[in-house]
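Work out the full structure: start from the sequences and follow the hints.
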Amino acid sequence: MASRVGVVLFPGSNCEFDVLEAVRLLGGDAEILWHGDATVSGVDAVVVPGGFAHGDYLRPGAIARFSPVMDAVVAFANSGGPVVGICNGFQVLTEAGLLPGALQKNRGLKFVCTTVELRVDSTDSVLTSNAEKGSVLRVPINHFEGNYTCSPEMLNQLRENDQVVLRYVDNPNGSVDDIAGITNEGRNVVGLMPHPERAISPLLGSDDGLPLLSSLLAAASVPA
Amino acid sequence: MVGRVWDDGPMLFSVQVEVSLREGVADPQGSTIERSLPHLGFDGVRGVRVGKSIRFELEATDESAAVAEVEDLCRRFLTNPVIEDSHVTVTAVEAAR
Numbered sequence: 036m037a038s039r040v041g042v043v044l045f046p047g048s049n050c051e052f053d054v055l056e057a058v059r060l061l062g063g064d065a066e067i068l069w070h071g072d073a074t075v076s077g078v079d080a081v082v083v084p085g086g087f088a089h090g091d092y093l094r095p096g097a098i099a100r101f102s103p104v105m106d107a108v109v110a111f112a113n114s115g116g117p118v119v120g121i122c123n124g125f126q127v128l129t130e131a132g133l134l135p136g137a138l139q140k141n142r143g144l145k146f147v148c149t150t151v152e153l154r155v156d157s158t159d160s161v162l163t164s165n166a167e168k169g170s171v172l173r174v175p176i177n178h179f180e181g182n183y184t185c186s187p188e189m190l191n192q193l194r195e196n197d198q199v200v201l202r203y204v205d206n207p208n209g210s211v212d213d214i215a216g217i218t219n220e221g222r223n224v225v226g227l228m229p230h231p232e233r234a235i236s237p238l239l240g241s242d243d244g245l246p247l248l249s250s251l252l253a254a255a256s257v258p259a
Numbered sequence: 052m053v054g055r056v057w058d059d060g061p062m063l064f065s066v067q068v069e070v071s072l073r074e075g076v077a078d079p080q081g082s083t084i085e086r087s088l089p090h091l092g093f094d095g096v097r098g099v100r101v102g103k104s105i106r107f108e109l110e111a112t113d114e115s116a117a118v119a120e121v122e123d124l125c126r127r128f129l130t131n132p133v134i135e136d137s138h139v140t141v142t143a144v145e146a147a148r
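Taken in order, these protein sequences are the chains called A and B.
With the working numbering applied, the first sequence corresponds to residues 36 to 259, in that order.
With the working numbering applied, the second sequence corresponds to residues 52 to 148, in that order.
Since the hints were made in silico from the structure, they are not lab data.
Quantities reported herein were computed from a predicted structural model and do not represent experimental measurements.
Think of the CB as a built atom: it goes at the ideal place given N, C-alpha and C, for glycine as much as any other residue.
Treat the hints with caution; some may be incorrect.
[What the hints assert, rightly or not] As a list, the in silico SDA-like pairs of lysine to any residue whose alpha-carbon atoms are at most 25 angstroms apart:
{"no.": "1", "chain 1": "A", "residue 1": "Lys168", "chain 2": "B", "residue 2": "Thr112"}
{"no.": "2", "chain 1": "A", "residue 1": "Lys145", "chain 2": "B", "residue 2": "Arg86"}
{"no.": "3", "chain 1": "B", "residue 1": "Lys103", "chain 2": "A", "residue 2": "Gly209"}
{"no.": "4", "chain 1": "A", "residue 1": "Lys145", "chain 2": "B", "residue 2": "Gly75"}
{"no.": "5", "chain 1": "A", "residue 1": "Lys168", "chain 2": "B", "residue 2": "Leu63"}
{"no.": "6", "chain 1": "B", "residue 1": "Lys103", "chain 2": "A", "residue 2": "Asn141"}
{"no.": "7", "chain 1": "B", "residue 1": "Lys103", "chain 2": "A", "residue 2": "Phe146"}
{"no.": "8", "chain 1": "A", "residue 1": "Lys145", "chain 2": "B", "residue 2": "His90"}
{"no.": "9", "chain 1": "A", "residue 1": "Lys145", "chain 2": "B", "residue 2": "Glu135"}
{"no.": "10", "chain 1": "A", "residue 1": "Lys145", "chain 2": "B", "residue 2": "Gly81"}
{"no.": "11", "chain 1": "B", "residue 1": "Lys103", "chain 2": "A", "residue 2": "Phe87"}
{"no.": "12", "chain 1": "B", "residue 1": "Lys103", "chain 2": "B", "residue 2": "Arg126"}
{"no.": "13", "chain 1": "B", "residue 1": "Lys103", "chain 2": "A", "residue 2": "Ala37"}
{"no.": "14", "chain 1": "A", "residue 1": "Lys145", "chain 2": "B", "residue 2": "Ile84"}
{"no.": "15", "chain 1": "A", "residue 1": "Lys145", "chain 2": "B", "residue 2": "Arg126"}
[Said to hold, decoys possible] Incomplete in silico selection of chain B near chain A, CB under 10 angstroms:
{"no.": "16", "residue": "Gly60"}
{"no.": "17", "residue": "Pro61"}
{"no.": "18", "residue": "Met62"}
{"no.": "19", "residue": "Leu63"}
{"no.": "20", "residue": "Ser65"}
{"no.": "21", "residue": "Val76"}
{"no.": "22", "residue": "Asp78"}
{"no.": "23", "residue": "Pro79"}
{"no.": "24", "residue": "Gln80"}
{"no.": "25", "residue": "Thr83"}
{"no.": "26", "residue": "Phe107"}
{"no.": "27", "residue": "Leu129"}
{"no.": "28", "residue": "Asn131"}
{"no.": "29", "residue": "Val133"}
{"no.": "30", "residue": "Ile134"}
{"no.": "31", "residue": "Glu135"}
What follows is the structure, given as structure tokens:
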């Protein structure tokens, strides 16, 4: 039976259909999880997609984290379920406390919209298990607040525990330690600013997002 | 109700929360403003920091209860403690009823 991936839809999300499409391309089942429903509907994995949830009012993710669905997402993650936050979804997961640190405005106040190179620095996570350690992936970015920051103590912890899964080859936004994506201590929650769902076909300029999303589907097929 | 007077109820407070980036956190908006000031002839400006101000009214039994509630509100919602600090000013307006 195909794995079921739930994609959270907040008012202001705008990458949800790209994620549904990418999951289906890889043979998974994908469905929308409505922000107002306090359930993840028994799915095997959750993606919090990109966009501008609740208009990014106050701070990106600050209001989305109080949505009814987020209680269910947090409970799902705490029980070991695979959860991935992409771009605005990464911001939501840090605000919800599922991932450490925060995302600030980009260095130089520059909105970045381009394709970047990412180095896979850890394959021990639900989003990188099928990728090759040290390999370089070409994946689009599209954000204003993607400048990852955290306390020096937290940065040490992330490094020592091998929690930085993806780093920029050429840092586009000022993120500390070139961080593009991190995982939690349980390795089942990943947040990243780049958009793997937009790199699923050579027609789109790259299909380097496939090993990442197929990792998630592999994690989804394992009973939590 | 003996001895209860008309204004012995919750009080109304005017609240101002100033949210700023924590010391040591880079402030790209502040530095961009600072860099552009010399173009307008303002050469002596230093240390520009950009924050936001949030104002609202709050009912509470007394000032310390009001401050405690606003500080909880700041910690849980109005600021991201990883990168932001808040400064709270609470002023009694009048008896709420």
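Against the structure, the hints:
For the given pair, Lys168 of chain A sits about 59 angstroms from Thr112 of chain B by alpha-carbon distance, which is inconsistent with the 25 angstroms threshold. For the hint linking Lys145 of chain A to Arg86 of chain B, the alpha-carbon distance of about 15 angstroms falls within 25 angstroms, and the restraint holds. For a cut-off of 25 angstroms, the pair hint linking Lys103 of chain B to Gly209 of chain A stands: about 23 angstroms separates their Cα positions. Between the alpha carbons of Lys145 of chain A and Gly75 of chain B the distance comes to roughly 20 angstroms, so the proposed pair stays at or under 25 angstroms and holds.
For the given pair, Lys168 of chain A sits about 59 angstroms from Leu63 of chain B by alpha-carbon distance, which is inconsistent with the 25 angstroms threshold. About 18 angstroms separates the Cα atoms of Lys103 of chain B and Asn141 of chain A, which keeps this hinted pair within 25 angstroms; it holds. Distance check on the hinted pair: Lys103 of chain B and Phe146 of chain A sit about 21 angstroms apart at the alpha-carbon level, within 25 angstroms; holds. Restraint check for Lys145 of chain A and His90 of chain B: satisfied, since their Cα atoms lie roughly 20 angstroms apart, inside the 25 angstroms limit.
About 21 angstroms separates the Cα atoms of Lys145 of chain A and Glu135 of chain B, which keeps this hinted pair within 25 angstroms; it holds. A distance of roughly 14 angstroms separates the Cα atoms of Lys145 of chain A and Gly81 of chain B; the hinted pair therefore holds under the 25 angstroms criterion. Taken as a hint, the Lys103 of chain B and Phe87 of chain A pair is honoured in the structure, with Cα atoms around 20 angstroms apart against an allowance of 25 angstroms. Pair hint Lys103 of chain B plus Arg126 of chain B holds up; C-alpha atoms about 15 angstroms apart against a cutoff of 25 angstroms.
Straight-line distance between C-alpha atoms of Lys103 of chain B and Ala37 of chain A comes to about 47 angstroms, which puts the hinted pair past the 25 angstroms bound. In summary, the hint linking Lys145 of chain A to Ile84 of chain B is supported, as the alpha carbons are separated by about 14 angstroms, within the 25 angstroms threshold. Note on Lys145 of chain A and Arg126 of chain B: the hinted pairing is violated, with a Cα-Cα distance of about 29 angstroms set against a maximum of 25 angstroms. Look at Gly60 of chain B: its Cβ only gets to about 30 angstroms from chain A, farther than 10 angstroms, so that hint breaks.
A cut of 10 angstroms between beta carbons decides the hint on Pro61 of chain B: the least distance to chain A is about 25 angstroms, and the hint is violated. Against a cut-off of 10 angstroms between C-beta atoms, the interface hint on Met62 of chain B is violated, since the closest Cβ of chain A lies about 27 angstroms away. At its closest, the beta carbon of Leu63 of chain B sits 24 angstroms from a beta carbon of chain A; the interface hint therefore is violated under the 10 angstroms criterion. At its closest, the beta carbon of Ser65 of chain B sits 20 angstroms from a beta carbon of chain A; the interface hint therefore is violated under the 10 angstroms criterion.
Interface hint at Val76 of chain B: satisfied, since its Cβ lies 7 angstroms from the closest Cβ of chain A, which is below the 10 angstroms cut-off. Checking Asp78 of chain B against chain A by beta carbon gives a least distance of about 9 angstroms; that is within 10 angstroms, so the hint holds. Against a cut-off of 10 angstroms between C-beta atoms, the interface hint on Pro79 of chain B holds, since the closest Cβ of chain A lies about 5 angstroms away. Restraint check, Gln80 of chain B versus chain A: the minimum CB separation of about 6 angstroms is within 10 angstroms; hint holds.
Because the closest C-beta pair between Thr83 of chain B and chain A is about 5 angstroms apart, less than 10 angstroms, the hint holds. Checking Phe107 of chain B against chain A: minimum C-beta separation of about 13 angstroms lies over 10 angstroms; hint violated. About 7 angstroms separates the beta-carbon of Leu129 of chain B from the nearest beta-carbon of chain A, less than 10 angstroms, and the hint is met. Checking Asn131 of chain B against chain A by beta carbon gives a least distance of about 5 angstroms; that is within 10 angstroms, so the hint holds.
Taking 10 angstroms as the C-beta contact cut-off toward chain A, the hint placing Val133 of chain B at the interface holds, the least distance being around 4 angstroms. With a least beta-carbon distance of about 5 angstroms to chain A, the hint placing Ile134 of chain B at the interface is held under the 10 angstroms criterion. The beta carbon of Glu135 of chain B is positioned within 10 angstroms of a beta carbon in chain A (closest approach about 8 angstroms), and the interface hint is therefore held.
Hint compliance for this structure: hints 1, 5, 13, 15, 16, 17, 18, 19, 20, 26 are not met, and every other hint is.
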